[in-house]
Every structure is written in C-alpha cells, then in structure tokens.
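Could you slot chain B onto chain A? The hints should help.
Protein chains: 2
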Amino acid sequence: MATTEAYESTDRTTAEKTTAEYLTAALDGRWHEVRERARADLTNDPDFAPHYTPDLAEARNKTLAQMRKLAGRGYAADGFATEHGGTGDTGAAVTSIEMLAMSDLSLMVKAGVQWGLFGGAIENLGTARHHEQYVRPTIDLDLLGCFAMTETGHGSDVQELETTATYDPETREFVIHSPTPSSRKDYIGGAAEHARTAAVFAQLVTGGQSHGVHCFVVPIRDEDGNDLPGVSTSDCGYKGGLPGVDNGRILFDRVRIPRENLLNRYGDVSEDGEYSSPIESTGRRFFTMVGTLVRGRVTVGGSAGAAARVALSIATRYALQRRQFQAPGDAEETLLMDYLMHQKRLLPLIARSYALGFAQNELVSALHDLQAAGDDVDPTDQRELEGRAAGLKAATTWHATRAIQEAREACGGAGYMAENRLTALKADTDVFTTFEGDNHVLTQLVAKELLTSYAEEVREMGPSDWMRFAATTVSDVVKKRTAAQQILQTILDTRQDNEEDGSLFNRGTQMSMFEDREEYLISTAARRLQGAQKREDSAFDAFNFVQDHVLHAARAHIDRVVLEAFVAGIDSCTDEAACELLSDLCDLYALSVIEEDKAWFMSHRHLSVERSKAVLRGINERCRTLRPHAATLVAGLGVPEALLGSAMLDGPGTDAVRDTLLDR
Amino acid sequence: MATTEAYESTDRTTAEKTTAEYLTAALDGRWHEVRERARADLTNDPDFAPHYTPDLAEARNKTLAQMRKLAGRGYAADGFATEHGGTGDTGAAVTSIEMLAMSDLSLMVKAGVQWGLFGGAIENLGTARHHEQYVRPTIDLDLLGCFAMTETGHGSDVQELETTATYDPETREFVIHSPTPSSRKDYIGGAAEHARTAAVFAQLVTGGQSHGVHCFVVPIRDEDGNDLPGVSTSDCGYKGGLPGVDNGRILFDRVRIPRENLLNRYGDVSEDGEYSSPIESTGRRFFTMVGTLVRGRVTVGGSAGAAARVALSIATRYALQRRQFQAPGDAEETLLMDYLMHQKRLLPLIARSYALGFAQNELVSALHDLQAAGDDVDPTDQRELEGRAAGLKAATTWHATRAIQEAREACGGAGYMAENRLTALKADTDVFTTFEGDNHVLTQLVAKELLTSYAEEVREMGPSDWMRFAATTVSDVVKKRTAAQQILQTILDTRQDNEEDGSLFNRGTQMSMFEDREEYLISTAARRLQGAQKREDSAFDAFNFVQDHVLHAARAHIDRVVLEAFVAGIDSCTDEAACELLSDLCDLYALSVIEEDKAWFMSHRHLSVERSKAVLRGINERCRTLRPHAATLVAGLGVPEALLGSAMLDGPGTDAVRDTLLDR
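If you're matching them up, the sequences are chains A and B in order. FYI, our numbering numbers position 429 of the first sequence as 429, with every residue one higher than the one before it. FYI, our numbering numbers position 62 of the second sequence as 62, with every residue one higher than the one before it.
No lab work stands behind these hints, which were simulated from the structure alone. There may be inaccurate statements among the hints.
Note that the list lumps identical chains together, so a pair holds whenever it fits in one copy or between two copies.
What the hints assert, rightly or not - Straight-line distance between alpha carbons at most 27 Å, and here's what the computed DSSO-like set of lysine-lysine pairs gives:
hint, residue 1, residue 2
1, Lys613, Lys534
2, Lys344, Lys534
3, Lys613, Lys17
4, Lys534, Lys17
The following block holds chain A by itself, in its conformation from the complex (with noise of 0.2 Å):
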C-alpha cells in the first residue's frame, strides 16, 4: 500500500533542496526539526502504518500498544517541567502530537488525553506532592489517566458543573458524588476502559459553602480493570469515528479520597477545611485553571489541520492521477486537475491549509514562550493567547471538516471506500468541532475578549450577561498585530485602492481590507449592543439580538490574524521559487476570505461593483497560476509517503506523480 522504503529526511545541503522541501521546512517552522523526527518515527515503524480498524476491542488495543511504544521511547517528556521529570519543551509537545494526527487520530486523540490533557492537570493545576507522585507514572503509562470534565448536562458551561466534592474534616476526606443523572461523566476518553485514576472536576463545597470548580485526582479502577467502590464506569460504545478511543462515563457514590488529592495550586482546603486561594473570585479562579490547560485546545487545531493536509495531498495526487472525459482533439482523457472546477474545489483549501499552518505555529510559539515564563506572564498575554488559541481551533476544525469532505467528494466512489482513507479522516475529525471547546461557544468567546476590553470582571459572564459591559471604545487588542509588526506595516502602505484587477494581488490592499472589516465589524457590533440593551427588555434579548454580528466580528479578527501569519510566514521563506507559490497561495487565500464575504464589503462599500467581479477572476487567474505546481503544493504540506495511507494512489499514474514530487 505505502512506500517501505525508510524515510529519508528532507534536510539537505541547501543547494540540493526542492522547491517542496523548502515549502515544508516554512510550514513547519519552528519545531521543524520535532517534525522532522515524527515524520521518521511514523513512517519507518510499520505499526504506526495508517490503518483501518472498525473493531473497538482491536482498535482501542492497537492504539494502546502504539502509545506503550511511544512511552518506552520518552516521546511524552517534552510536555512536563525539567524539575517534574520531563524536558519542558511545550512547542516540542504540541508538535509532535500533532503529527501523530498524521498516523491516526485516534492515537493523536488518546495520547492527548493521557499527556495532554489528565498529564497536564496534574501538570498545570498540582502542585509538588502531584508531581513528585504523578509526573513520571503519566509519562511512563504506568499511570493511565482520563480528564473527567464534561458532563450529561454541561458541556460549553463548565462552571456549571453538578458533580460536588465535599470535605469531611472528620476523616480528611473529599467525597466525590454525582447528585443528578446529567451530573454523570460524559465522553471522557479512557474512561470505558483503559484509565485507573481520573482528573475530575467537581464542585468545591467545605462547611457548607461551595468554591467553584476544582479538580480531583479519583482512582477509579482497581489493578485488574474492575471499578472502585462507589464508581461507575460505562462505555459510550461506537461514535462516529475514532474506534480506537475508549470513550465512556463516570458516576460517583459518595466516593472517598484523601485531602491531597485536590490539585491545590490555585485552591486549597486546610484540614480543618477552611477555604483559601490566591485567586478571590471563583469565575476569575475557574478561568485560571481552565487557562493553564489551553494546551489542549491548542492541540486539537494542529490535529485537524494535520488532518486536512493528509486528506488535500490524497485528493490532489488522485487528481494528478485521474482522467475523466476526453476533449476533441486530445488524445487522453482529461486529467481531473485540469478542469477550472476541480482546481477551484482543492486550491483554494490549500492555500488555506498554509494559512492556517503558519498561524497555528505562530500559536505555538506564543504557547511556548509564555509556558517557559513560568509565572512571570502578563495576565494580558494569557488572555491574548487563549482568545487566539478558540480561534484558531473553531477555524481550523472547521477548515478540516469542509477540506476533508471536498476531498472526499472529489475522489468520487473511490473517496467513499475506507481503504483510501477520506472517509475516515471526515468520521474522526467531524468532534473536532465540538470537543475541546464547541467551535460556535470558542468563537463567542473570541468575541467577547475583543468587545470588552479584557475587562477582568466579564470573565465568568455567561454569553448574555458579558455583552452589557460592551465598552464604547473597542479594545486595543484590534490593532494589535499579531505577527511580525514592522513588515505588516511596510507591506500595508503599500496598498492600492484602484480599480484595476492587479490591485487585488496586492498584499497591503488585502490586508487593509481584512483590517477594515475586522475594526467595522467590532465597532458596530458594540454600538448596536448598547442599542439593544436601551431598546430590549432583558440582557438575553439584547445579546440574542446581534449574536450574528458579533460571531462575523470574532470570525473577520481570526481571518485577519492568519492572513498575518501567512506574510510572516513568506517572509521567513528562504528560497525564491518557494516564496513565490506562497505569494500566490496567499492571494488565493486572501481573496477566498473576500469572496465568501463579498456581500459585506459591498453593502459597507469597501468594494465597488466592478471590483467585486475582479475577486473571482482572480481567484480563477490564481487557480490557473498554481495549477501546473500542485503536486510541489501538497508535497509542500509535509505528509510523508507512506503517511497518505491510500490504496487508490498505487493504481496507475502514481508513478508519474511520485517522480514529479521527487523531482529535484
């Protein structure tokens, strides 16, 4: 099926790289080198051969030994403090998850959940007895853990939690219960089967008073797999895909553990059980703790965007490889990648594919640093970092799931037969959207960080209760630019406002349309909040009223932070040939944005009739550009060989196209 030949680095000598190969290393960026090595580990070792396994019982036992072989190989130490015994590398961390997406998802998303996230409570939320106890077991997976948050009835509202934890300073205990059947557990990977201790989240209540949320280290499963007492596990059974992760739920009867156990960096309970916290208020406390753990978020939207890379290489390559149709005169059919429309379906998504990667690793990066602060972080920052990282995961799960289904469909019959394996990236990634964060709550979030000036205090609003405190002046946070500043600013003054079509490739007219849209979009949205609220009876009204303008001012201010990402992103390309594609795919990006939301830049006259029809040719004058340079784009996404891990690319044509990506 795949190539078996070892994979061979594509770090050269300079003068023996290829156009792709220099593309890749730009994509991949900073950790290019984490890349690199999983791109090795991944393809030389045949159990990590994508595979196709519907089974559950097969599939969950394959994804644990695959993960048992990461362990022995340390592949997890990156994500903890040197001083906890790990290396501390956290952009080295996300990465290298994140190219497991390649392989299979459901190990990305089971080796998320046991070092990302069940890791990265104890990590992030304990303090030295959880390390010192935790750490070393979660890496080695002599600890299998689960994260135990979600419940029946609370999802999106996590303060909302019912599952209490309540102190018994009798016995120096909490005691763990679920009071209601939607206070049950819901969802949590590793729960139905794998995971002996959870990282619960539950309701703090001593003397009588409760302190929010906090979260708890419960053993729930003895040595041998049976349930503690007190504990029910059960499992979600089949999901819409990813077979290998054995989700399921948790129900609590009054079940007991010692004190220590409440990760106590951000709340403790003495043991005479009185209350206390660096932090006052509980929302801003709930908010701290869910902050630390915006790693996983983080996660998720490299995956998805892994993901997609897989399924655009897979359905460009097929292209290249397909004809359908013969044209008078020519002697072969057409090759589906030379019909305008077939380009238009696959281009386009791409282009933003790179867009996305750039910003994604711009995220990371940020991630990263601020981590290595410790607690040095300006509270600005973090804030900053977590509206970026909602972002960036609602857009790219969302890019993934309508990439993949594209792909899927223009593969035809051949898409819909799992051993070429679309369909199983659509049916794995499809939650992507929803876990972690559901894509429409993380967008409103975003939104909320722009209208209200970061105002502390809104925090831990609900969505209709925040938008009252909508400030008339819009946070700085808008012109704040994410990328590097002083070439946005030089590109930007370098924009045309013409009629003419060329004026639309121009970057600083594209990047002050973008702008232009985004500082619009927020400032009406919060003079149109403050309307509503004199007009409008209640808060919900009012924010019911223009919860679509707000979500179109969350979603301009993420397309404007990629679109920045993606000129740095070009400015840190070290080959002419590459640079150029990219600037193309930049455009193709650039006007995709555009045209999908032409309506709005012509109703607020920030594009005239006839230059709205110049933004479809030049996506068209674009399709056309890149078209002889596909196979060098899709090579360029950094998905190995023997990572596309589809039968239909061993018939006929591949050859040629295999030769055309090795062309140096």
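Frame of chain A, contents of chain B only:
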C-alpha cells in the same frame, strides 16, 4: 429507545387534524397514502427500527432479511408494469423506496439496486422474453441481481466503459470480457456476496464493429454463491457507511452468455451477427437507454431528502430539550433553540427540506405520468424530466450532506455518539453526492440542456465539446415554468421592487429575483462561451474558461424550479395555519438562497446596497417568527417518532416535546 406504540395514522377527520398533520399531508403530496402505509409498516415491525450495525457480515445479513420481509409483502410490485407481473405504479415505487431511507439507508440502497436498478434495467431495456423470465423472480427475490455499470476507470463518463461483449456467431453467444485492470466493474452493490446475476453494461461488438454500450444479463454466481467460471468477484470491504450493502468488484475472463441475454429493446444482434437498432446514432441510443433508468436518480434524491428530514428532526428536538448557559434573571438555563444562532443553523435547513420536498414531489409525479404514457412520450418531455432529475438529485444530496453535518454539530458531543444516529446518517448518505451521477457532472448536464436548446446532436458529446453548440438564443426551457402556471403568474404580478424591508417578503419579488438571475446567467454564459471559443485555441480551454459560470447558471435554474414548486405546494395546502407556516418557511428558503448569492445580486445590480442588508434582517425576522413553531415544523416533516432512533431524545425534556407535538 423509540416508542413502541403502534403507528397511528394521521388521517383523521378534518376537525381532528393538527397543524403538523396538515403540513405532512401537503409535503407528502400525491403519494400521501403510500407514505402513510410505509410509516405504519416501518413503525409497527420492530425489524425495521433504526439500528446501528457496524459489522459488515451482520449488517449485510440484516439488510437481506429485511429485503425478504419486504418482498414477502409484495413491496416491489409497484415498480413493474402490470403485464410483467407488477402494478405499474411508478410514483408509488419511488416513494416506497424513499421511505425506507427513514428506517435504514443500507436497506434503501439495497432495495434500490435490486428493484430500481437491476429490475429497472430488465424492465426498461429488456423485451418480452426478459420480462417473462426475470421480472417475477426479481420482485420475489428468487433472483438477486446487481447493476454492473461503473468501472474502476470510468464512473462519470460511462460511454467510455471498457468491458466488451463480443458476439460469436459460431456459438450464438456474447463473450463478456474485461480487457484491462481499469475495466473491472467496481463499487457494484450486491457484487460482493448476494447477487447471482448482473446487468452488465459493455461495448457491444459484432463483426469487428462496436455499437456502443448495451446491457447484458450475466449470471455471476452459482446457487452456493461461488463465482461461475471466468467470473472473479471481490469485496470492496468497508466503506464510509452503508455497511448493509455488499459492494464488490467483478472481472470477466471471456464469459459466454446466450445471445438472448442482450437486453434488446434499443439494439439487437441477429443470430448471424447483424446489428440493428431503432435509433441510428450510437450516442443518442446510449442516452435513450440511460434515460429510461432515470428512476434511480430520482430515488436517490428523494432518499437523501428523507435522511435530511430525520437528522433535522433529531437536532431540532434535541435543541428543544437541551439547555446551556443561564441568562441573568432567568430561573433556568436557556434552551439551545432560543439562541438566534441556533435558529439560523437549523430553521433555514428545515425550510430547504420543505422546498426540496415539494420539488421532489413534482418530479416524481412527472416521472410517473411519463412512464404511464409508455411509448407515447414526447422526447422533449423526457429530456426535461432527465434534466430536472439530475438537478434535483444534486441539490437534494448536497442539502442532505450539509443538513446532516449541521445537525450533528448542533448536538455537540451527544451528536457524535452512534446511539444518537446522526453520524450514521452522515456516513451512509455521504456517497449520495457521488453515485447515480456525480453532482458536479449532473449540474453540468443541467447546464447543457439549458444552453443548447435541446439540440439532439449535442447529447452524446463530452463537456468540452457540446459547449461549442451553445446557441445564441437560449432554450425556451428557461421561460417554461415547472409548476402550476397560473398561480405563479398571478403571484409574479404582485412583485414589489421598492426599498422597504417588507418588499423582500413579497413572493412575486422573490420569484422575479430568482427568474432574473437565471435568465441573466444563462444568456451571459452563452455569450461568454461564444466569445471564449473565438479567443482560446481549444474547445477545452473555452469550456474551462466558463465552467464555473455555466454551473452557476444551472444552480440558479434549479433554485427557481424549487421555489416554484414551493409556491405550488403552499397553494395545495388546505389549512390556514399550516399555509401560514409554509409561507414563512418559503420566505426563509427564498431569502436564504438570495443571501448565499447576495454578492452576485449586488454585482449585477439586482439588489441595492440598502436592500442587501434587508435580506439578512429578513432571515433573522423569519427565524424569530418560526421559533415558537419549531416542534410543529419538524413534526410536519413526517418522520414517525419510532424512526427517529436517537437515544438522547429519551432524556429529560422529551416528554414535554412529545406533548407539544401531540398538542392538537
């Protein structure tokens, strides 16, 4: 999981009917009784309850067992002429198969293959000797057939199939042969396991001359299921969905069949090898044959629509029980359905489901009448029917993909659990956009009909060839309304083109906007085609240059046909309250279509800047108007309680929804 009470017919006396029941009756259309019988059958027999059976062997057995049960009830007789042993009610046949989609899509596809495609080939391409021999056992399942058209190398361009059927006058046999790997029959439902006989499409060769694609009855397996000599079948294995359908591949190594096995209605070979046909042109003959098989395409569109209704019913009912986030001052958390965004995610899709449902009804009705007319069919009517079938199949299957995806996401994590059914609906229907004609190719077919004034000679041409024939004056078909002429003209006369918000709710205005767009796009496409031919050097380049414009024109045409059907559907509704809801839904449909193509309307000055903003306001307004009726609207979609098959709908809140639904 589902209610176990017997299905209660909604056919009560007028005084007792609920608004939802009036909606269902209107949407059910001419075969309302067939639908009611199917609802009762599928609800009252637990063997037809929706199920999740991922294992291939189990799923295939279950589906076959269900088929046998249906056959035992004479389920398939409607699809065959009275003189062949059926009842000759084509509309009922299509409608019953469509209704199976509400229970299980594998069953629908398997039934569609056996009775619609295989049976349809026998019925429509065969003559008396075939009808006598095969129709009865096909109905009774004593003969299990498959429809072997698609090959590994050719799916969309079936005129270029490679399988050969060479006549040998010595033995008076045809020799069926697969000369190349790409000529292998592929993805064939039934070929992996159950089918004993195949309707094989192959190039008929006699006396060294090819006469194009014809259909042959070829036995492929013996009684015990072993491949017959020269036949090699294999199993496609797992697919994205449809586990109950045993798709497979067939290779023929010089398999001999009697001369009489040629389905010889449109072309025959005499004993000594002379070819004869009532249709001289090879291409026209081929399209005439394929045209008689249009029923399959109609059924696929209808079934996709049925699956979308199930998904939207589930997601809407979930949104009416699920609460998340508490608004300040409210005692309870807010219902998902009360968020404007959530309304905008689901209600326009519900509106589109109604719209496409009405259009599908008209299509089935036209198909029925045409088939009833037998050989007296006006070829223009036949081609118009084929064009509409192609367009609606594309529109409805794309709608299903989108609606089911949105429904899944709108249910969050719960939506990802197999027990809640949405993921299987998505996986099973995903191939509908591809099979029975790839949607892009079908949309192109619509354009072809529109642009070439139905010139007979262009019918057999490939896409880049026929464009040369595009006439300066566009086909009259554009002007021809598809539904109740008179009502439409009356309504059209009331159009209001003023700038007031309300004017966009005027049906005449909406209709004329749809019509104007279609006319403009078609006439400009024709002009551009001609211009492109003068400028570009090859027909293919000319075609490629305007491909997106041409597809846009076809989509605009389909949108108009659908809107007209909706208008006629409202007219046929006999209850005032139901009419009012339908009218609001129709506004939502029309405005959603305009919103999605708003930039075009503005670019071409069919919508002013001021008015353009009113479109969005109108959509929000209609969402708010329809919100209180959400339960009624989905009840109107006509999916019986027992066929929802979604575990989460038995959760808290379901009873309240059920009460609302039954509120008379």
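With identical chains treated as interchangeable, where does the CA-CA distance between Lys534 and Lys17 reach 27 Å or less: within a copy, between copies, both, or neither?
-> Neither way: Lys534 and Lys17 sit 63 Å apart in one copy and 43 Å across, limit 27 Å.
Under a CA distance limit of 27 Å, which applies to Lys613 and Lys534: within one copy, between copies, both, or neither?
-> between (40 Å within a copy, 22 Å between copies)
Up to 27 Å between alpha-carbons, please classify Lys613 paired with Lys17: within, between, both or neither.
-> Classified as neither: same-chain Cα gap 39 Å, cross-chain 52 Å, threshold 27 Å.
Give the relationship of Lys344 and Lys534 under a CA distance limit of 27 Å: within one copy only, between copies only, both, or neither.
-> Answer is between: at 24 Å across copies they meet the 27 Å cutoff, but 46 Å inside does not.
When held up to the earlier numbered hints, the structure conflicts with 3 and 4 and fits the remainder.
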